[in-house]
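Please build the complex by placing chain B on the supplied structure of chain A, with the hints as guidance.
Number of protein chains: 2
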Amino acid sequence: MSKKLRELGELAIVDLIRKRFRDFRPRALRGIGDDAAVILPSPGSRLLATTDLLIEGVHFDLVFTPPRDLGFKSLTVNLSDIAAMGGVPRYAFLGLGLPAGLSRDFLRDFFSGFARAARRYETNLVGGDISRAPAVFIAVTVLGETLPSGFIGRDGARPGDGVFVSGWPGESALGWEFLSRGKKLDPAGRRWIRKHLVPEPRLRLGQELARHKLANSLMDLSDGLVLDLKRLARESRVAIEIEADWIKLPAGFAASARKIGRDPLRLALTGGEDYELVFTAPPGKWEAVEKLARKIKLPLQRIGRVKAGKPEVTVKDRQGKILPFSRGGYEHFVS
Amino acid sequence: MSKKLRELGELAIVDLIRKRFRDFRPRALRGIGDDAAVILPSPGSRLLATTDLLIEGVHFDLVFTPPRDLGFKSLTVNLSDIAAMGGVPRYAFLGLGLPAGLSRDFLRDFFSGFARAARRYETNLVGGDISRAPAVFIAVTVLGETLPSGFIGRDGARPGDGVFVSGWPGESALGWEFLSRGKKLDPAGRRWIRKHLVPEPRLRLGQELARHKLANSLMDLSDGLVLDLKRLARESRVAIEIEADWIKLPAGFAASARKIGRDPLRLALTGGEDYELVFTAPPGKWEAVEKLARKIKLPLQRIGRVKAGKPEVTVKDRQGKILPFSRGGYEHFVS
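So the sequence lines, in the order shown, correspond to chains A and B.
Just add 44 to wherever you are in the first sequence, counting from 1, and you've got the numbering used here.
Just add 44 to wherever you are in the second sequence, counting from 1, and you've got the numbering used here.
Bound-form chain A, shown alone (with noise of 0.2 Å):
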């Protein structure tokens, strides 16, 4: 049987973790063991940093999580936010709360998905702070660093931009459906499943749309399309309008949405955790974007239109009838 964290101390678990992350890179001049970590930026960069929280109960159910795969995502939704800026991720920092009758093997599944991801996307754990807690509570903090070309901001959309999405919207909350309905095993629903639980991060799309300024905004998703496409809207003081004919979705995507009586273009506008990325450009871009597609394997729709006007998005259909999609998306503390 594995030992519970209360038998090991914390002493022994922040040993566990610094021995893990030894030969990672990139090296910070002091790392796990002192005070603060102690960091060299690179010469003349811009320094990129963002939080995300993962909770217990909110963002996660360890019945339906495995450790690894939670691991994996602590790291890459933070990654997720580095690429909506174009950036290159670079240390980590894990503030960790663990209720003390976990069990060591849930640490050290935790810890090697972690590691997985900051492996395969060049990012190194160079601090923390671990302390016992009533549910578990994980909180990412990432440093990065921008390209020599500059940064992407929320800001920068423009009337007359396309509005472009990365892969399909909707496929992480679809997963969400099978798996919190026990449906792990249901051979329709593993592909969303595995996009729920172990998220990519589109850096190389971010940093490629910098290298070659080819978006006016970027963001990546978090809380379902409409909503976060409303929080571009409001940083860039323009109207967002979508067609919702426009939108394709991915094969099976349907079937399986229908399967568990879910309506698949809600799903793909209002669905939330998909950390695929959303950017407008003008259309003398579009040629390159249809370009960058293809070189790296990633779908990039165009799903609407910037336009002046109130910070608001609308979604038309083929009619120009507006569709009542308009407020959905996750809001924290709207009930």
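Since the hints were made in silico from the structure, they are not lab data.
Nothing here was measured: the structure is a model prediction, and the numbers come from that model.
Heads up, some of the hints might be wrong.
Since the list can't tell identical chains apart, any single copy or any two copies may satisfy a pair.
[What the hints assert, rightly or not] Straight-line alpha carbon distances no greater than 25 Å define the calculated DMTMM-like cross-link-like pairs of lysine to aspartate or glutamate that follow:
| # | residue 1 | residue 2 |
| --- | --- | --- |
| 1 | Lys63 | Asp230 |
| 2 | Lys63 | Glu356 |
| 3 | Lys63 | Glu279 |
| 4 | Lys47 | Asp59 |
| 5 | Lys63 | Asp267 |
| 6 | Lys63 | Asp199 |
| 7 | Lys354 | Glu51 |
The following block gives chain B in isolation, referenced to the frame of chain A:
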């Protein structure tokens, strides 16, 4: 009656926070409202980064902790880690998990305290994440910079060094004893309670030690003098001897401790959350340390010595007898 967070919504909460810190310095190139903060590091400086958790029921109890003090302390315990490297704090990131039934007043008071600390110590809140949670979870990350003279780590203690501590260790623990007994209004306890609730980071001390290269090693006290010194001993691969007899207690401390049945020396040696600094300095620097204490009006007591040997901490009485404090202090997950 104050609104509940669930009636307020996440976007509105983020707007409130953003407005509050809008005019703070230093400015980020991009702060709250984008996917990641963008920061221009000072040319030639090294970056310091540290994360600390504060968890309801573990680090604080809302029954005893005013939200304003909690906000102040959430930041200052992190600033203490920057002080412990001899650095200058610059930017803060806040991950905040809150039960949806908390009042809007809680949030207002929390940020009032956080902002007070931020303004006093010239730190700006430029990013974070907010979420529902089953209990109040606070994860703060602070970015700072080293002085041109460099940082002081935990690993530089050398045999022959004297061991110094700032202020009066044990005050915070004594404050907690009064507070948790409901003796908030007992005039004997008031001073220690303030020290527990609103600890000041010893930034000036850390910076002076780094600027004038007075210390070989430096760290801050969070889990108790003996346990924290054990960490320093491990990082420096040295033994540390504390002379119990050399430890001075502030006026009234012993009487207050005895009033509630606590041993004053044990509080000083094992009480947590002091956020004082401990450092080691070679004999040639002791006079300069004494001068510094007068200059910054902060007691700097010499309480022991560094020796070659196994990385242990021993506490000796006047006769050279070893006192049973060697494992004292707060360690998470150890019951």
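Quick rundown of the hints versus the structure:
1. Lys63 / Asp230: Intra 38 Å, inter 48 Å, cutoff 25 Å: neither.
2. Lys63 / Glu356: For lysine 63 and glutamate 356, the Cα distance is within 25 Å only across copies (21 Å; inside one copy 49 Å).
3. Lys63 / Glu279: Classified as between: cross-chain Cα gap 14 Å, same-chain 42 Å, threshold 25 Å.
4. Lys47 / Asp59: Close inside one copy (16 Å), not across copies (45 Å); limit 25 Å.
5. Lys63 / Asp267: Between copies only: 23 Å across, 35 Å inside.
6. Lys63 / Asp199: For lysine 63 and aspartate 199, only the inter-copy Cα distance (17 Å) is at most 25 Å; the intra-copy one is 42 Å.
7. Lys354 / Glu51: The answer is between: 24 Å across copies meets 25 Å, while 58 Å in one copy does not.
Checked against the numbered hints given earlier, this structure breaks only hint 1.
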